[in-house]
Amino acid sequence: MKVIHKDVVVIGSGISGLMCSIRAKERGLNVLVVSKEPISWGNTRISGGIIASNEFDKQLFIEDVLNAGRKINQFDLVDLIINKLPNEVETLEQWGHTFLRSKNEPDKKEYVQPGGHSEPRTLKALNRGISISNTLKQKFISLDIDVLEEVLAVNVLVQEKQIAGVLCYDWKNDEWFGVNAGAVVLACGGAGMIYYPHTDNMRSATGDGYALGLRAGAKLIDMEQIQFIPFGIVSPRGMRGLEVGDTSAAGPYGKLVNQKGEVIEDRPFNKTREEISRLIAIEIEKGNGTPNGGIWLDPTENLEHKDGMENWHHWRSIGTTDTIRNAYGVKASKWEEKYEVSPTQHYVMGGLHVNTFGETQIQGLYAVGENASGFHGAGRIGSMSLFEALTFSAHVGNNIRLRGKKMTLTKQDFINERDIMMTAYEGVNEAHPVVLKKELGMMMWQYCGVIRSEEKIETLLHGIHELEESVKKMKVNFHGNNDFFLHLFELESMLLTSKAVAISSLMRKESRGSHYRSDFPSENLWWENKNIIVFNEGDELKAELMPNEQHYDLRQ
Amino acid sequence: MNNITIYVSRTTSDKENKFVSYEINTGHEEATVLEALQTIQEEIDPTLAFRYGCRFKQCGLCAMKIDGRPLMACMTKIKDGMTIEPLDKIPIEKDVIVERKFILEKTRTYKLYRENPFREKTAEINLPYEILNRCTDCQSCLSLCSNFHIEKMDEFAGPLFFVKLAQLQFHPLNETDYTQKAEEMGVEKCADCTCRCPYGIPIKKLAIEPFINKLKEIKE
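If you read the protein sequences in the order shown, they are chains V and H.
Sequential numbering from 151 applies to the first sequence in the numbering used here.
Sequential numbering from 201 applies to the second sequence in the numbering used here.
These are calculated hints, taken from the structure and not from any lab test.
Treat the hints loosely; a few may be bogus.
[Unchecked claim] Not everything, but these chain H residues come out facing chain V in the computed CB check (under 7 Å):
| # | residue |
| --- | --- |
| 1 | 230 |
| 2 | 304 |
| 3 | 308 |
[Claimed, not checked] Using 30 Å as the maximum straight-line C-alpha spacing, the simulated DSBU-like pairs for lysine-lysine come out as follows:
| # | chain 1 | residue 1 | chain 2 | residue 2 |
| --- | --- | --- | --- | --- |
| 4 | H | 277 | V | 488 |
| 5 | H | 277 | V | 625 |
| 6 | V | 625 | H | 215 |
| 7 | H | 294 | V | 152 |
| 8 | V | 588 | H | 414 |
| 9 | V | 481 | H | 257 |
| 10 | H | 218 | V | 322 |
[As the list claims (entries may be wrong)] Listed next, the stretches of chain H that the computed footprint assigns to chain V, with coverage defined by at least 3 CB atoms under 8 Å from CB atoms of chain V:
| # | region |
| --- | --- |
| 11 | 238-250 |
| 12 | 254-263 |
| 13 | 286-300 |
The beta-carbon is built from N, C-alpha and C at its ideal position, and this holds for glycine as well.
This is chain H alone, in the form it adopts within the complex (with noise of 0.2 Å):
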């Protein structure tokens, strides 16, 4: 049998978050960091908090910090001795889960959307908007990344509304050109960019250097 003990972050009366150890048995060797929170909810505690929705990395529930990266909790083998706690930067609700309201109502904000439907014609889709469509919002960039204060956000909002930006920029019909928004959401502090995304999205190169370098342009 497959005997470990992990450690995950809960929330105490006291709204504080501190390590709890739980032994359990995982059952088989490919057993995820989901399905050991899962067995520590069915069999040990069922107060445990986690989110979690599709089990395979398609819905971007699951980020959570593991071992101290950020990682989706699905597609993550269990260790032993791991430690799982909530991701950086965004205020914890409980144990292992983040608030998400934020997302919505910034992305309102900052106005991330396309304010006029596209004109009837078919465009061939460009690899960049492929790979940043990916994007799932697991808030892992978020929790790496330096710059970003949840309380500041008026000045800099932080790389996944970067993408949801490129997203509009990169699309293949689009004819708007959002470089003006990234200054204004501070995308200039984020020139030394190290985030790394789960899915594989090069948030710096894709979602960053292009509106600086635009805006180099522009004040040249």
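With the rest of the complex left out, here is chain V (with noise of 0.2 Å):
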């Protein structure tokens, strides 16, 4: 086996890990990537390019902030990313990204005001999330930044509660390498897989730095709140789940109606995506919804007026009317007819606990992106997640210690780990990992969606327990292009994910933000200022709650 000696490795390379190693690298560390995926194929090169700009009125912006995460934000992470830090979309600029200019005022970058924000501080990109994917790889290769690309990181061991390294694992050519590391820096993006076919995340997204974390002994954060974004495709099958817009891309005159013919919400428009999401939920659970399992989004009226117009104009700019066109016709993404809408898994709120460093309680491990948390609190606004994600992981690059104690694995010390690995999968497979992948996917729409509740989540735990009895018995072989691995792999990220999810949701025992139980269908006053955590203890998952000390007075 390969043993490999760097200052910092980073699992992943959307715009997190792209932007966190670019940093380090810049600072003279000797950084290695390993990216599952090619480098920079995540979410961040399928998302619209729209980011937030942390230069204007930042108590406004503060505000905001913490109104989306109703009151459960980590706020010395809020304060620290829009108080503090630059603002590095300027950045994205100078290394060759272009941000949409005005159209009267050709030298003037256009500011937009996505759903709950009270200013325009939001930035459109030229050819949306590609373009700013593609310019951080573009910078990242010019620094000759080492990589291991379509290589999976196993394992983050640890020892004395210290990073050690990682054991990485090439399925292509059945190799392991065993990578020592003074520090390691989770980047593995969100987990909409655990809901596919409802979520429009790239088919990657699997939960992979959770569950990393989890098991090298990590804390995650408010699991419960995953967001659902209204306006998800319906049909055909294979665009499922693909994201059509947030609240405002009903347009300032576009109603939803039910199969009946009734009008549900008058105007969406302004309303929350958790809102929105909650009530088309529950009207399709009562057996209003149409064939397909949606609810009409009618924006005809729209066409009608000239605020209309505007709106579905910014829609276009950012390729949203694209995937309309493409699912349900050239009327329908003209607005000239209505189509079929339903939530769909957006983003994961929840994440590694961090400190305002990145780190978390494990030294020298670190999370950035969507998989740390504690920023958005119980939900997102648009535009949000790349802002937070490309300034916070810069700054983790810029500031990231490598930890104390010298400690450095043994080739043996790998050889060891992978031997566990290796044996933990001698058994005879029932099922392939893609087929229990899909099971997973249905049974936590059903169970543990936009609407849950004790008897629901219940089943879910049952159907999560026989998931993994299966996943026991699997054999592995591990030779040749063993592609299968990967899957059971992230087969069990997903399962361990899903799992915090569920016994997050299971715990809070209200509505608050993007977490809606049926059962306790208001938000309570007890639950604001608390968070659940979720660690590992022997081989049992288990959550708990943790006071939010943090108090804070917007009226500073």
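Both chains come to you apart, so use the hints to assemble them.
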């Protein structure tokens, strides 16, 4: 087995993994990026590319974030990212990305105001997220940062609560690597696949970072907070779950209509993602949905108004109407007829519990982007994921500290770790991980999707347990192109992430932000400053309450 | 119901690719090639390997040869009798998956990146740049290029890399001329380029001719 020595290992290569590794490399650190997909093929690449900027009224910005987060945000992170960190969107342009300019004043960048923002502070990308992704990749390549591309980081190794290294597996060539590291950054992105097909995420978003972190002994926070964006494609089946905008994509005059023809929401435009997702899900559960399992979004009245048409032009400029056209045809994409929508999983607000340097409870283990949690709290407004990921991962890369005590894992240490992996699976396969992944996705959507209850979650936990038992019986042949192991690894990440979502959702006996319990349908003051933490104890996943003691006064 | 038979190229234990026929029920008329492959994977043979990412043509991972043409599986309707193969010209990893790692390596060796940050100013976005910027690295153009040979990339880079170079050349703030580099990468071999891009980038017009024309000017 080849053993490599690095200062910093970054796992993942979306906006966070790239930005963090660039900053660390610029400081002269010896950096390795391990990415199971080709470098830069994360959710960043397929995002709309809209990104907020912290150059305007910071107090107002903080209020917007806390408002969406329903007061369970970690205030130190909010204060740091908005008040103290530099505006990195400028950096993106210096490296070659282009933000759209105003039509009337071509010298000035055009700022827009997505739902939940109190002023225009959001920039739109030329050619959506792919331009941001390619810009960062180009910078990354120019710095000659080492990569293990299309290689799995299988296990983060810890000794005495300090980071030690990473065990990696190239499943295409059946080759193992041991990497000694002074610091490890989890930048694996979200976990949309736990709801597949009801998600707009990339296939690779399987919660790997949450699972790696939990197994290493770090803690997750707010895992019940999963964002469902209200307008996802319902049909055709192959496009199910793809995102076609948040509430403001209805236009100022759009309305929601059920299968009986009743208007269930006259003006979703100014409502939150959470409110409208919930409303649609409840209506569908009542049996008033379309035969395909959606609700009608009727945007046609927008065409009669100037501001309605302006709004349509906005959605066209960020490519959303292309998705509508591919699914429902030209007329729907021009808002000349109604089309079916249903909520779809969009983002995981929960994640690894980190301090203001991105560090977890394990010294030298960091998390950034969608893997980290605390900034968004119980809800995230549009254009904030790329903003938070870019700003915070740059800061983490700038300040990353290598763990104090020198600890070097020997080749034999890595071989022992590998053997534990290889001997864990010596049963008889009753089902393939690909099939079990699909079963899990259906279960999560049904029992821990937009509408949750104690009864549903208990059913889900039982189902997860059965899948776990099937996994324990798996047999893996370690030779040749071993994509079976890739799917199995992803399935296990998905199971652990799903369980964390389930036990957190069970514990929060109220409805707050994106978390809705039909048996506790309102927000409860008692829960206002409390977070739920998930950690591994023995081989059990446990949830417990953590008081959020970061008091803040918006009027300061 | 929609029962169809399709032919998918599979890698055998001898590391050769051979067509295997599958009879599937697509469930609905709008089904795509990607859905058909997923149906095979989930219901008939889970060992079938294929790449995909976003399901709406944004990521560029699912390009494959469908009825003889490179297309994106997620946006191509499946039809009875279709053949589905890996892209030509690029080494096969397994079934319909071809290698990708060489793209990053070659981008590094050709130095297809800006070496200095821009001076601060703004410029209007030009249309060629906007169109070139749509490239998703799907590799379709490489599979169609008669000059491209993966083992001879030191002599000839291939259309994907000319697109990358043109992105640098046409960037609204660019002040460097990359024509010399284009010559070194073998752009002059492409005067008769017939590559087609699934994203509609006119590769010859925007990524080849501008360099060839400039080289002619220099040489005259």
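| request: Check each numbered hint from earlier against the structure, then list the numbers of those it violates in ascending order. | output: 5 and 8
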